[in-house]
Amino acid sequence: MEKTPFFHALKIDEDTCIGCSRCMKICPTEALRVRDGKAVLMPDRCIDCGNCFKVCPTRSIYIEQDDFEDIFNFPIRVALVPAVFMGQFPNDITVSRIYGILKELGFTHVLETESSIPIYTAAKNKYAAENPDIRPLISTFCPAIVRLIQVKFPGLTENLIPLRAPLDISAMYIRRKIKEELEVKDDQIGIFYITPCAAKIAAVKSPVGEEKSLVDGVINMDSLYNRVYHEIKKQGHNYKEHKLPVSQLSADGVLTSLTNGERRLSDAQHSYSIDEIHNVIEFLEKVENEEIEDVDFLELRACDQSCPGGILTCDNRFLICERVFGRARKIANRERKGEQTKDHELEEERNYLMRHMKVGDINPRSMLVLDDNIAVALEKMKKIDEYRARLPQTDCGICGAPTCDALARDIVCDNAELTDCVFIQRNLEARGNMDVHESLKIMEVIWGKAKMNDYVKKK
Amino acid sequence: MHLEYQVYEADFVNAGAASSAIKKTLKQLNVSPQIIKRVVVALYEAEVNAIAHAYGGTIYADIEPDKITLKVVDTGPGIPDIDWAMQEGNSTASPEVRNMGFGAGMGLPNIQKNVDKLNVSSTVGVGTTVEMEVNFV
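One line per chain: the protein sequences are S and E, in this order. If you count by this note's numbering, then the first sequence holds residues 1 to 459, one letter each, in order. If you count by this note's numbering, then the second sequence holds residues 1 to 137, one letter each, in order.
None of these hints come from the bench; they were simulated from the model. Beta carbons: idealized from backbone N, C-alpha and C, even for Gly. Please note that a few of the clues may not be correct.
[Unchecked claim] Distance condition first, Cα-Cα at most 35 Å in a straight line; then the derived DSBU-like pairs of lysine-lysine: (1) E/K24 <-> S/K54; (2) E/K117 <-> S/K358; (3) E/K24 <-> S/K330; (4) S/K337 <-> S/K383; (5) E/K37 <-> S/K205; (6) S/K383 <-> E/K24.
[As the list claims (entries may be wrong)] Now the in silico label distances, taken between C-beta atoms and shown as ranges: (7) E/E9 <-> S/P43: 31 to 39 Å; (8) E/K113 <-> S/D186: 19 to 27 Å; (9) E/Q112 <-> S/D315: 43 to 51 Å; (10) S/V436 <-> E/Q34: 47 to 55 Å; (11) E/D11 <-> S/I281: 18 to 26 Å; (12) E/D66 <-> S/L440: 44 to 52 Å; (13) E/Q6 <-> S/M354: 51 to 59 Å; (14) E/K113 <-> S/F283: 22 to 30 Å; (15) S/F318 <-> E/E9: 40 to 48 Å; (16) E/E9 <-> S/A122: 18 to 26 Å; (17) S/E282 <-> E/I82: 33 to 41 Å.
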């Protein structure tokens, strides 16, 4: 099992966190606790899905990104832009106008991530044909899904398709192309990925199954959106349309960022597309039990509506979907009329890219294991059951853990005490085994002094 | 560690509940995914057998540091010829059960493939007991 720690893009700002526990309640892997009035992240459990980010009322969960000015550390600056970015803007703002603004902001090259979809698809279908014994094959397009499977479904890690994601393939291509055309060294090229989510950042900063990232930095989609929109507002109606060569993204490529986008391109006979993390978990439970048979391919995405539902997108996900879909329809029309070929410039490098498609092993890193030694784990599990039986099963969260089961587990793993439970406290008080100051002290350790003081003052 | 689950006749909706619960337990014990898979597949087959062919029953699971012992005890028609039933394709399932996608005669042979020890005992008109053992190492 993999032991090196996960890199996490999601961070908690302790100065502004009010310890409300909303994040703790929503986390699909129970990776958060409240201690001393602040949310605390358990790094082994977090998969960077970003559900906590969405519910935080004080924006205390933030996503670390590289400073935009970092792009100027490189003479050649590439913006690697996912198609969903173009879907942030109203339809009257054209893709070529956005390309133009990105160049005005300082990028020397712009490439849309999904340019590599034809090659990515070919590699996946080839892998499927060469490995007929591994079924279902699970797409590694969404990095939060890869991590979910590592921590929660370790038995399915071998089903993950060990190939580079479209973002990496595009980065590999553009670096090679620029090196050849401009005769520059590697370190003069800075490739910056514009990310719609935290999981992609984590994947770029500590790639699973790869030694080194192919991308030099990450810029959050919302912050770039602000910069681009600011330029649009400054230009007003008097802007000059740049006649820039817009990359020939295929309709298939554009659609890949939406749910079903990969599945429709797969050779698989029986496949499913599932989005939203809880839906995915529910389905994977069944797959793991082999209750669902004859499945060849699974396209799984952590966000509702896939990438348009990413936590760093800037508009309602359904509106983004419609815009992305509309763009794909237009391109498909051009493709039908022969005005645009389906072949992308990346085709020139197909052989090179196909040779560099494999990533290393994707290993399990189960969050569930109580101990490496089964006998010890068995003992712990017995204790967990004993504690569980004493807890009220209300999942109220007052103990600073998301559920009674999580508390029972925390107690056995020495991260909590049975007396953290408010029901247990009341019982002890009633029997004269705890006085009210002791129980208040316990609450203070969990919820912080400030919260308890305020509460007392208000009384 | 001892666990028990009840299954009920023709309750296909809940088929898999016991194997799912056992899977959750084994995952926490650091049992290898490949072994968990074998346990789950074998138990799921036995669970479905008790639901589809018998009048329900009880599943007993005992987990020790080196192995899991499973016992599925059903009350039901019993198996007249166990050796015959152990062969692939042989089944006494009713047409209704076959229509639901069960009863292909793969149940017992599939269990055999996935466990380290298997013992099937049956009394016609009383019921069947399937005892299975899977070693962790």
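Hint check, failures only: 2, 3, 4, 7, 8, 9, 16
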